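Take the given structure of chain G and dock chain H to it, following the hints.
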Amino acid sequence: MAGKIHISVRDLNVFYGSMQALKNVNVDIPEKKITAIIGPSGCGKSTLLRAFNRLIETVDGVRVTGKILVDGVDIYDAKADVTEVRRKMGLLSQRPYPLPMSIYDNVAYGPRIHGLKRRRELDGVVEKHLRESGLWDEVKDRLHEPATGLSVGQQQRLCLSRGLAVEPEIILGDEPTSALDPRSSQRIEQRFLELKDDYTIVLVTHILRQARRLADYVVFLYMGELVEHGPASEVLENPREQMTREYVKGVIS
Amino acid sequence: MRLAKIEETFFRGLMMAATAVILATLVLILGAVLVKGLPAMNLAMVTQAPKGGFYLGKEGGILNAILGSLYVTGGATIISFIIALPIVLYLNAYAKKGSRLVTATRFSFDVLWGVPSIVYGAFGFAVMLFFGLRASLLGGIIAVALLMLPIMARAMDEVVRMVPRELLDASYSVGATRLETARKVLARQALPGIMTAVLIAFGRGIGDAASVMFTAGFTDSIPYSLMRPAATLPLAIFFQLGTPVAEVQERAYASALVLTVMILVTSIVARLIGRRFARHIVA
Numbered sequence: 001m002a003g004k005i006h007i008s009v010r011d012l013n014v015f016y017g018s019m020q021a022l023k024n025v026n027v028d029i030p031e032k033k034i035t036a037i038i039g040p041s042g043c044g045k046s047t048l049l050r051a052f053n054r055l056i057e058t059v060d061g062v063r064v065t066g067k068i069l070v071d072g073v074d075i076y077d078a079k080a081d082v083t084e085v086r087r088k089m090g091l092l093s094q095r096p097y098p099l100p101m102s103i104y105d106n107v108a109y110g111p112r113i114h115g116l117k118r119r120r121e122l123d124g125v126v127e128k129h130l131r132e133s134g135l136w137d138e139v140k141d142r143l144h145e146p147a148t149g150l151s152v153g154q155q156q157r158l159c160l161s162r163g164l165a166v167e168p169e170i171i172l173g174d175e176p177t178s179a180l181d182p183r184s185s186q187r188i189e190q191r192f193l194e195l196k197d198d199y200t201i202v203l204v205t206h207i208l209r210q211a212r213r214l215a216d217y218v219v220f221l222y223m224g225e226l227v228e229h230g231p232a233s234e235v236l237e238n239p240r241e242q243m244t245r246e247y248v249k250g251v252i253s
Numbered sequence: 001m002r003l004a005k006i007e008e009t010f011f012r013g014l015m016m017a018a019t020a021v022i023l024a025t026l027v028l029i030l031g032a033v034l035v036k037g038l039p040a041m042n043l044a045m046v047t048q049a050p051k052g053g054f055y056l057g058k059e060g061g062i063l064n065a066i067l068g069s070l071y072v073t074g075g076a077t078i079i080s081f082i083i084a085l086p087i088v089l090y091l092n093a094y095a096k097k098g099s100r101l102v103t104a105t106r107f108s109f110d111v112l113w114g115v116p117s118i119v120y121g122a123f124g125f126a127v128m129l130f131f132g133l134r135a136s137l138l139g140g141i142i143a144v145a146l147l148m149l150p151i152m153a154r155a156m157d158e159v160v161r162m163v164p165r166e167l168l169d170a171s172y173s174v175g176a177t178r179l180e181t182a183r184k185v186l187a188r189q190a191l192p193g194i195m196t197a198v199l200i201a202f203g204r205g206i207g208d209a210a211s212v213m214f215t216a217g218f219t220d221s222i223p224y225s226l227m228r229p230a231a232t233l234p235l236a237i238f239f240q241l242g243t244p245v246a247e248v249q250e251r252a253y254a255s256a257l258v259l260t261v262m263i264l265v266t267s268i269v270a271r272l273i274g275r276r277f278a279r280h281i282v283a
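Top line first, the protein sequences correspond to chains G and H. Taking the numbering used here, I'd label the letters of the first sequence as residues 1 to 253. Taking the numbering used here, I'd label the letters of the second sequence as residues 1 to 283.
Simulated from the structure, these hints should not be mistaken for lab results. This one's a predicted model, so the numbers in the text were calculated from it and none came from an experiment. Heads up, the beta-carbon is just placed ideally off N, CA and C, and yes, glycines get one too. Only true hints are included.
If the Cβ cut is set under 8 Å, some of the chain G residues that face chain H in the computed set are: (1) T58; (2) T83; (3) R87; (4) S93; (5) S102; (6) G110; (7) T148.
Below 30 Å or equal to it, Euclidean Cα-Cα: the simulated DSSO-like pairs (lysine-lysine) are: (8) G:K79 x H:K97; (9) G:K88 x H:K184; (10) G:K88 x H:K97; (11) G:K32 x G:K249; (12) G:K79 x G:K117; (13) G:K32 x G:K196.
Beta-carbon label-pair distances, calculated as ranges: (14) G:G61 x H:I268: 42 to 50 Å; (15) H:P164 x G:G61: 18 to 26 Å; (16) H:L179 x G:K128: 27 to 35 Å; (17) G:E167 x H:L30: 54 to 62 Å; (18) G:R142 x H:G114: 42 to 50 Å.
This is chain G alone, in the form it adopts within the complex (with noise of 0.2 Å):
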């Protein structure tokens, strides 16, 4: 593969208890590329994307086997931070969860908590991860008000300013815009496009169309097992396996 390594995942496996989500994964994700991660619902895309942050060890009974290596580390080992871990890596989920707070302060939650406390400076960052997710002309006069009083689709732009303001390296979608009318999804979208010449961005998606408009490289999971991953041309529209070809041509969904 070209390019540097990013994240490498090592014999991979998750279990909810008895039931085993993930099987023996074993997939590198590019550095600065973004990775679309495909599959039937309930084959353990968001499990894997749950697991690059260490969110998934919030679910309760939940085991963890094998290795993440993030820029070579692994994020696994008894001496990792787990904070560390999740900061590197700003999060959108399927609908946007604004904080319980102002459009300024969702922004500002990341940095303060990692210390950040002049105002002036807080006001340096908010500004310019607002704008970032291209927000910012929409909101720079009400920065103080509720941020649950954006649309939908301005809510998942907050989101990402809010994920972007702790300077990630690497961008997880958990389907980001499977909530959003098509105006806000094209917007994020093209968020994308722009965002990975400076991070590395890693989406679940069950829509194969935006799957081919956005991925450079993509993994195809099915039933927890990693069936086929490669470069998008190649699995979107050559693959080697029979199964990714009857997925990527909607025989089976």
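Frame of chain G, contents of chain H only:
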């Protein structure tokens, strides 16, 4: 088809009747307290402590009980809040869902909620005897705090449980710890509900007579020390109703009116404050 329609009308009627019963009860109680209490109501009632012969119809008021109730319930509210909030945050942000500890804690709150207040009074009294304390403001505060704790904790628990976990995930995913998430997101999102929980507990605490009877005692003087007995409104009502003097019995209703107004004012104030914070809540 027609049968279904009759059924529908019938049960809707039942539901409306049930609603009417509860509304009528409220109106009747308020009406009775107003009609019987207003004639005995005057400025002296709320600005003076009982003077000699108050319970025989002579001069004085119930300021001792008004202040006593405020001190006892105010103190108890603070104490039980300080204990309840960490419990609730622990149950919802730290403890494993469905673990034995969580189930046992919730179950014991449910049991404690049902324990009659006289039992808290008796228990508090026994504890006080053990420590060699006499009936005092402090004793009353502790007994009422025990009474309020399960109510407050369980009511708070219910609202905090409703906070969507994705909201917590959003906080974790920028690198926040559980404590930061509990304080800045969980508590804030649940704030209006927490406020209601505190109010429910406050209402139950300030209106309770049995828990303070032995623990806070009763006195005609205005409370001035944690170690001295303190009067409370429910007991004042109880004693006034118990006299054979008709005028004093009327004062009992006036006292009840004062108690009702106090609860009403607290609710309204708390709601106003709650609304200020509620504007950020995520639906």
